[in-house]
Amino acid sequence: MGERRSQLLDAGLELVAAQGMGGLTHEAVDATAHAPAGSTEEWFPTREALIEGVTQRCIAREMEMATGPGPEIEASPEGIATALGAFVLRALGDDRVVTLARYALQAEAARTPALRAFYAIGADEVDTWALDVVRRAGARHPERDFGIIANYSTGLVFHELALPTPEFDPVERLRVLIDILGWSTP
Amino acid sequence: MSAVTDRRTVLLDAALELVGTEGMRGLTHRAVDAAAAVPAGSTSNYFRTRDALILGIVERFIARERAMATGPHDEVDPSPDGVATAFGRFAHRALGPDRAVTLARYAILVETAQNPGLREGMASGADQVDRWTLDVITRAGSQHPERDLGVLANYVTGLVLHELALPSPDLDAAARIRALIDTLGWESPSTP
Chain B
0 MGERRSQLLD
10 AGLELVAAQG
20 MGGLTHEAVD
30 ATAHAPAGST
40 EEWFPTREAL
50 IEGVTQRCIA
60 REMEMATGPG
70 PEIEASPEGI
80 ATALGAFVLR
90 ALGDDRVVTL
100 ARYALQAEAA
110 RTPALRAFYA
120 IGADEVDTWA
130 LDVVRRAGAR
140 HPERDFGIIA
150 NYSTGLVFHE
160 LALPTPEFDP
170 VERLRVLIDI
180 LGWSTP
Chain F
0 MSAVTDRRTV
10 LLDAALELVG
20 TEGMRGLTHR
30 AVDAAAAVPA
40 GSTSNYFRTR
50 DALILGIVER
60 FIARERAMAT
70 GPHDEVDPSP
80 DGVATAFGRF
90 AHRALGPDRA
100 VTLARYAILV
110 ETAQNPGLRE
120 GMASGADQVD
130 RWTLDVITRA
140 GSQHPERDLG
150 VLANYVTGLV
160 LHELALPSPD
170 LDAAARIRAL
180 IDTLGWESPS
190 TP
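So the sequence lines, in the order shown, correspond to chains B and F.
All residue numbers for the first sequence refer to numbering that gives the first Met the number 0, where the first residue is 0 and numbers rise by one.
All residue numbers for the second sequence refer to numbering that gives the first Met the number 0, where the first residue is 0 and numbers rise by one.
It should be emphasised that the hints constitute simulated quantities derived from the structure, not laboratory data.
Glycine included, each C-beta is placed from N, C-alpha and C at the ideal position.
Treat the hints loosely; a few may be bogus.
What the hints assert, rightly or not - Computed footprint of chain B on chain F, listed as stretches where at least three residues anywhere in the stretch have a Cβ under 8 Å from a Cβ of chain B:
1. 35 to 49
2. 119 to 132
3. 151 to 161
Generate coordinates for the entire structure from the input sequences, incorporating the hints supplied.
As structure tokens, then:
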């Protein structure tokens, strides 16, 4: 059951990435997911419910992009540089769809304040988890450093998406950034 | 500014606004004519193709983004505080009065990701901004200007993107950027 739901939402993400929010309709999701007509409406009765579901799926996939299949990453500077570097590469490569969908969803949230609540719930969860990892990795100012790393990674993906750097090495870039922040081994 | 450049700028500002509010799908030569309240066909006269129009918009938003950072005198005080103030001013304007520029920028970057033909025009604009910023942060005391430019530019882009979707109450962007600059170990240039 959960699997069908995820399939529908992944199809929704693909549509948003390729066509923007305008491409996200219940019928289009059915067709893209090769599901019987009406399936999407059964799971997500309203457009709002569908956008909420797609937003949550986007956040879940981004989390998976950073951690790999397991929920843990090593709480050390190297562990965080490796995990976030892998995230950046996937965001630009295999999971480009998630990245493009995210920009469309965020732009929509910027225009429609009512949608922000969905983003806020997911964002809080990710923030709490990430803050803990950063603290355990030796950050002396976890809030500040998490903000710096998160914004940096977002900007990095954004710039590389449009203007790719040859031989791009995000793990090295993140290592340099973490080095600047002066973490000490706990 | 001559009448010709002025008309061109008016068209490009209208196009920016259009892309910001409606996304790339809203961008047609006719829609720009209508938004700028100019005779039908004006936009086609200046920009023959859709790609030419998009490259015109890229050029225009680079100019507008620079104005957003520098304010009326096109100057930044080359000091850690001056750089933090400029980037902070940029972030507030990007989230507030110049929101359309920001949303247009995202739409065009996504378009560039899908249409590599636009990259060349985008890259030369980005180079221009980078050279100018490198000069300012070097004079402000950066010991690793290339590295620090990457850190600051990515940070500010990420900050604006996050704040656009999820605004922090009472955001003080300049203070956040100042805190980041503090980690970069800038030294005041030796004064003669």
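Legend entry - Coverage of the region 35 to 49 of chain F by chain B, judged on three or more residues with CB within 8 Å: This one is violated; 0 residues, fewer than the three required, reach chain B with a Cβ under 8 Å.
Legend entry - Residues of the region 119 to 132 of chain F with Cβ under 8 Å from chain B, three needed, outcome: It holds: at least three residues are needed, and the region 119 to 132 of chain F offers 3 whose Cβ sits within less than 8 Å of chain B.
Legend entry - Verdict on chain B covering the region 151 to 161 of chain F, criterion of 3 CB contacts below 8 Å: holds (count 9)
When held up to the earlier numbered hints, the structure conflicts with hint 1 and nothing else.
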